[in-house]
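Protein sequence lines, in the order shown, are assigned to chains A and B. So the first sequence is numbered by the working numbering: it starts at 31 and just counts up by one. So the second sequence is numbered by the working numbering: it starts at 9 and just counts up by one.
Think of the hints as simulated: they come from the structure by calculation, not from any bench. One thing to keep in mind: the hints can contain errors.
Claimed, not checked - Facing chain A, a subset of chain B residues (Cβ under 10 Å, in silico):
#1 39
#2 55
#3 58
#4 63
#5 115
#6 117
#7 120
#8 131
#9 135
#10 219
#11 220
#12 233
Said to hold, decoys possible - Ranges between beta-carbon positions, derived for each pair:
#13 227(B) - 163(A): 54 to 60 Å
#14 124(A) - 224(B): 28 to 34 Å
#15 172(A) - 42(B): 28 to 34 Å
#16 189(B) - 124(A): 42 to 48 Å
#17 124(A) - 122(B): 25 to 31 Å
#18 170(A) - 118(B): 37 to 43 Å
#19 171(A) - 139(B): 43 to 49 Å
#20 186(A) - 139(B): 43 to 49 Å
#21 30(B) - 206(A): 16 to 22 Å
#22 68(B) - 78(A): 43 to 49 Å
#23 118(B) - 124(A): 40 to 46 Å
#24 161(A) - 78(B): 24 to 30 Å
#25 133(A) - 81(B): 48 to 54 Å
Claimed, not checked - One-sided and incomplete, this derived list gives chain A residues near chain B with beta-carbon spacing under 8 Å:
#26 75
#27 112
#28 130
Glycine included, each C-beta is placed from N, C-alpha and C at the ideal position.
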Amino acid sequence: MPSSHATPSQTIGPYYGTALPFPGGPDAAPAGHPDAITVHGRVLDGEGVPVADALLEFWQAAPDGSLTGSPGSLRRDGARFTGFARVPTGGDGHYALRTLPPPEEAPYLALCVFVRGLSYGLFTRVYFRAPESDALLAALPPERRATLLAAPDPGGHRSYRFDVRLRGAAETVFLDFTAA
Amino acid sequence: MAAHPAAPEALREETTSPAPEPYLGPAERHPRQPPVPLALSPGAVELTGPVFGAADVSPLDADLTRQHPGEPIGERITVSGRVVDGRGRPVRGQLVEVWQANAAGRYTHRLDRHPAPLDPNFTGTGRCLTDDEGRYRFTTIRPGAYPVFPDANVWRPPHIHFSLFGTAFTQRLVTQMYFPGDPLLAHDGVWHAVTDPAARRRLVAAYDPGLNDAAASTLGYRWDIVLDGPAAVPSEEGRH
Chain A
31 MPSSHATPSQ TIGPYYGTAL PFPGGPDAAP AGHPDAITVH GRVLDGEGVP VADALLEFWQ
91 AAPDGSLTGS PGSLRRDGAR FTGFARVPTG GDGHYALRTL PPPEEAPYLA LCVFVRGLSY
151 GLFTRVYFRA PESDALLAAL PPERRATLLA APDPGGHRSY RFDVRLRGAA ETVFLDFTAA
Chain B
9 MAAHPAAPEA LREETTSPAP EPYLGPAERH PRQPPVPLAL SPGAVELTGP VFGAADVSPL
69 DADLTRQHPG EPIGERITVS GRVVDGRGRP VRGQLVEVWQ ANAAGRYTHR LDRHPAPLDP
129 NFTGTGRCLT DDEGRYRFTT IRPGAYPVFP DANVWRPPHI HFSLFGTAFT QRLVTQMYFP
189 GDPLLAHDGV WHAVTDPAAR RRLVAAYDPG LNDAAASTLG YRWDIVLDGP AAVPSEEGRH
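In isolation and in its complexed conformation, chain A is listed as follows (with noise of 0.2 Å):
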């Protein structure tokens, strides 16, 4: 549970378009990086409608394994990696993010997602493999791991898929920090 006196969360609504997102928001990764991967999918909801309105934010560790990040994200510069991006869907629900592959020891990019009509950010994780010693993909029965994890492209060139189903079949996994 929260504690007693924390500020409530509520929705992000219609309108954050002309506040949020950022010029360069999605491109993680410096320009022409040769390590640089792309993460791409839809945001769906429980019918299966891409959701239009949706804000994705990721934060993950530097290449080196450092969680301390670097200010910068929001006037890149083309050459640091902040390990911050946000990305808003597009008319259908298609989003893409561009950034470097997390280190070993923190192999996934944490992932919030803010859509209109909910009142909480839907945080959750996307990983590229899924490590034996990782606790919650083992937790998991293989088909909710399997929401976790982003399918290399066929045919694209250092592209994966991952989509955030926001309900119902093949649900994504989504995380509650405040409950274990």
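Please build the complex by placing chain B on the supplied structure of chain A, with the hints as guidance.
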């Protein structure tokens, strides 16, 4: 629920009319499965978070009245407060972002079809970084109320959307700030989406003459923010 002696006005407002249905948004967007509890161990990515600095925000970004050549229409206000974690420690140097309607209740967003005028001198978006004591400060215009659906008699009370980062990604918060003494609050389903009255009242700012800014000709409102999350309750306190 114990009475809240500090807010008799708010209590009275809540009891003079039936409470509105809490706004929950489209059902098809709500996950059916409960979120999976995850105890974060040291080294977990979510125990840290993005950092921001002078490269990200310029001082003018915090003044929503100075983004265009002319003066925006409306009542000039200062909105300021402290961002702290669950143990009261200041959240320093973190990004605070706001967006809001103009004085007539219209957003600059292209999907807003409320037939109130746009203000060519007001965009309604701002950013700043918290200082060493966790304080943020915006100069802006008091937003107007607006109807949610053109066909329904449902109006949103004036509010400012806030986006906040803590020291951990788990503390990420998007919420809305309201104004004190507003009769529309008692009818607002979004405000009532927070079902605990005491928690709901924490979304309402306080008029604070000490924050009136003579140089900027503003009325002052104070709104303090507490970010929760595992980083606010370290493992040595038995959270793991």
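Structure-based check of all given hints:
With 10 Å as the threshold, the beta carbon of residue 39(B) comes within range of chain A, its nearest partner Cβ sitting at about 5 Å, so the hint holds. The beta carbon of residue 55(B) is positioned within 10 Å of a beta carbon in chain A (closest approach about 8 Å), and the interface hint is therefore held. At its closest, the beta carbon of residue 58(B) sits 4 Å from a beta carbon of chain A; the interface hint therefore holds under the 10 Å criterion. The criterion of a C-beta within 10 Å of any C-beta in chain A is met by residue 63(B), whose closest approach is roughly 4 Å, and the hint holds.
Checking residue 115(B) against chain A: minimum C-beta separation of about 4 Å stays under 10 Å; hint holds. At a threshold of 10 Å, the smallest CB-CB gap from residue 117(B) to chain A is about 4 Å, leaving the interface hint in force. Interface hint at residue 120(B): satisfied, since its Cβ lies 6 Å from the closest Cβ of chain A, which is below the 10 Å cut-off. Contact between residue 131(B) and chain A, as hinted, is supported at the beta carbon level, the nearest pair being about 7 Å apart and thus within 10 Å.
Because the beta carbon of residue 135(B) sits about 8 Å from the nearest beta carbon in chain A, less than 10 Å, this interface hint is met. Checking residue 219(B) against chain A by beta carbon gives a least distance of about 19 Å; that is not within 10 Å, so the hint is violated. At a threshold of 10 Å, the smallest CB-CB gap from residue 220(B) to chain A is about 24 Å, leaving the interface hint violated. The beta carbon of residue 233(B) comes within 5 Å of a beta carbon in chain A, closer than 10 Å, and the hint placing it at the interface holds.
Between residue 227(B) and residue 163(A) the C-beta distance comes to about 56 Å, which sits within the given range of 54 to 60 Å. In this structure the supplied range 28 to 34 Å is violated for residue 124(A) paired with residue 224(B), their Cβ-Cβ distance being about 43 Å. Taking 28 to 34 Å as the suggested C-beta distance range, the pair residue 172(A) and residue 42(B) does not conform, at roughly 19 Å. Between residue 189(B) and residue 124(A) the CB atoms are about 44 Å apart, so this pair conforms to the stated range of 42 to 48 Å.
About 29 Å separates the C-beta atoms of residue 124(A) and residue 122(B), a value consistent with the hinted range of 25 to 31 Å. Range check, residue 170(A) to residue 118(B): Cβ separation about 40 Å, and the 37 to 43 Å hint holds. In this structure the supplied range 43 to 49 Å holds for residue 171(A) paired with residue 139(B), their Cβ-Cβ distance being about 47 Å. A hinted range of 43 to 49 Å for the beta carbons of residue 186(A) and residue 139(B) is consistent with their spacing of about 45 Å.
Take residue 30(B) and residue 206(A): their Cβ atoms lie about 20 Å apart, and the range 16 to 22 Å holds. Distance hint check: the CB atoms of residue 68(B) and residue 78(A) are about 44 Å apart, consistent with the given range 43 to 49 Å. Checking the proposed 40 to 46 Å range against residue 118(B) and residue 124(A) shows it is violated: the Cβ atoms sit about 19 Å from each other. Separation of residue 161(A) from residue 78(B) is about 58 Å and departs from the stated range, judged on CB atoms against 24 to 30 Å.
Between residue 133(A) and residue 81(B) the C-beta distance comes to about 52 Å, which sits within the given range of 48 to 54 Å. Interface hint at residue 75(A): satisfied, since its Cβ lies 4 Å from the closest Cβ of chain B, which is below the 8 Å cut-off. For residue 112(A), the interface hint holds, the least distance from its beta-carbon to any beta-carbon of chain B being 7 Å, beneath 8 Å. Interface restraint check for residue 130(A): the shortest CB-CB distance to chain B comes to about 14 Å, outside 8 Å, so the restraint is violated.
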